[in-house]
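> Sequence:
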Amino acid sequence: MDLIKIRIGGVPEHFNLPIHLAKEQNAFSKRGIDLEWTDFGGGTGAMTKALRENEVDVCILLTEGMIADIIKGNPAKIISEYVLTPLTWGVHTGVNNGLSDYRDIYDKNYAISRFGSGSHLMAIVDAESKGYRLNKDQFHVIKDIDGALPSLETNETDVFYWEKYTTKPYVDAGKLRKLGEYRTPWPCFVIAARDEILEKYPDYIIRLLRVIHDSCDRFMDNRDAPAITSSRYGLELKDAERWYNSTEWAIHGWVSDKMVENVIYHLKTAEIIAEDSEIPELIWKRN
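So for the sequence shown, the numbering used here puts the first residue at -2; every next one is plus one.
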C-alpha cells in the first residue's frame, strides 16, 4: 500500500499521548497514512504560524488560538474537537517574586510564549472576566517554558500561564510558584488542518481522524493510562491519575457551533479580534 504523508504537530505534553500510542502501534500506516509528528514547545502561536507557512498539515492546538487565527486569515479549518474538557491553567510566578496573591497580578508583567498563543490569550480573557484590561507592553515573549523559567527567576516577568500538570514538576522542584488556577470556559483542544490538505486528501483526513478518535476511545478505557502517562511525562502518579480522571477526549468529529460562538464572544470582548470582524467558515464541512 502506498502511504500518504501527513505532517502533524502538537505540544510535547501528555494530552497527545493517544496519538503517539496509535503511531507506535502502526495504526496510521495501516490506514495508508505516513504520519510525521513535530513537537511545538512554543504552543499554539507556533503552530498557527507553522500552518500558515506550510510547515505542517494538521495541528492539535488550543481552541481559542485556532479560531482567532482563522478569523485573522489563516487558510485552515477546524476538523474536530480533541479534548472536550476545559484546560486548567496554572497561574505562576517566580520563587523569589514578592507577588503572593492571584488578585494582584493584573498590573504585572506577563511571560508569554508568543502573541496569539494560549499563554497570551488566556491571560487577557482571565483579566477581562474579572474587570481588568491588560496592555500590550505588559507582555514579554519568552517562547516556551524554558524561556519562562529564567525570566521569572530574575523578575523580568511576574506572571506565567501554563497548563498546570505540565508545570507541576517545576513547582514541586521549587523552580516555580503557583498563585492560582484558571479554567478555560470551553473545550480546550481542537484538531485543525490547512485548506490545501483538506482539498487534496479529504478521504485520508477522515482516516486520520478515525485513528485518532479510536485511540482516544481506547485510552479512556485503559486502566494503565495514568501509569503510562506518569512514566513518559515525569508526573507523579497521583497527579497523572487526577489529570486522567478529569479529562475527556473526543471520539467523533462533531464540532459544536455554540462552542465556537462562545469563543468568538470572548475573543471580541477581550479585543483579541475586532468587534466587526468578518467571520469566515471555521469548521470543515464534509462532502
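Bear in mind the hints are in silico, worked out from the structure with no lab data behind them.
Keep in mind that this is a model prediction, so the values were computed, not measured.
Backbone N, C-alpha and C define an ideal beta-carbon position, used for all residues, glycine too.
A portion of the hints provided could be inaccurate.
[Claimed, not checked] The calculated lysine-lysine pairs, modelled on DSBU-like cross-linking and capped at a C-alpha distance of 35 Å, are:
id	residue 1	residue 2
1	265	140
2	172	255
3	165	140
4	197	165
5	2	255
6	282	20
[To be verified] DEER-style ranges, computed between Cβ atoms:
id	residue 1	residue 2	range
7	268	-1	46 to 52 Å
8	9	126	26 to 32 Å
9	245	265	26 to 32 Å
10	69	29	31 to 37 Å
11	174	129	29 to 35 Å
12	105	29	48 to 54 Å
> Now tell me if each hint is right for this structure.
Here's how the hints hold up against the structure:
1. A hinted pair counts as satisfied when its Cα atoms are at most 35 Å apart, and residue 265 with residue 140 qualifies at roughly 25 Å.
2. As the CA atoms of residue 172 and residue 255 are separated by approximately 39 Å, the hinted pair breaks the 35 Å bound.
3. Using a Cα cut-off of 35 Å, the hinted pair residue 165 and residue 140 holds, with the two alpha carbons roughly 19 Å apart.
4. For the proposed pair residue 197 and residue 165, the alpha carbon gap of about 42 Å is over 35 Å, so the pair is violated.
5. Distance restraint check for residue 2 and residue 255: the Cα-Cα separation of roughly 33 Å lies within the 35 Å cut-off, and the hinted pair is therefore satisfied.
6. Only pairs whose Cα atoms come within 35 Å are accepted, and residue 282 paired with residue 20 is accepted, the gap being roughly 26 Å.
7. Between residue 268 and residue -1 the beta carbons are some 48 Å apart, a value that agrees with the proposed interval 46 to 52 Å.
8. Under the hint 26 to 32 Å, the C-beta atoms of residue 9 and residue 126, about 29 Å apart, fit the expected range.
9. Checking the proposed 26 to 32 Å range against residue 245 and residue 265 shows it holds: the Cβ atoms sit about 28 Å from each other.
10. A hinted range of 31 to 37 Å for the beta carbons of residue 69 and residue 29 is consistent with their spacing of about 34 Å.
11. Remark: the range hint 29 to 35 Å for residue 174 to residue 129 is contradicted by a beta-carbon distance near 21 Å.
12. Range check, residue 105 to residue 29: Cβ separation about 51 Å, and the 48 to 54 Å hint holds.
The structure shown violates the earlier hints numbered 2, 4 and 11.
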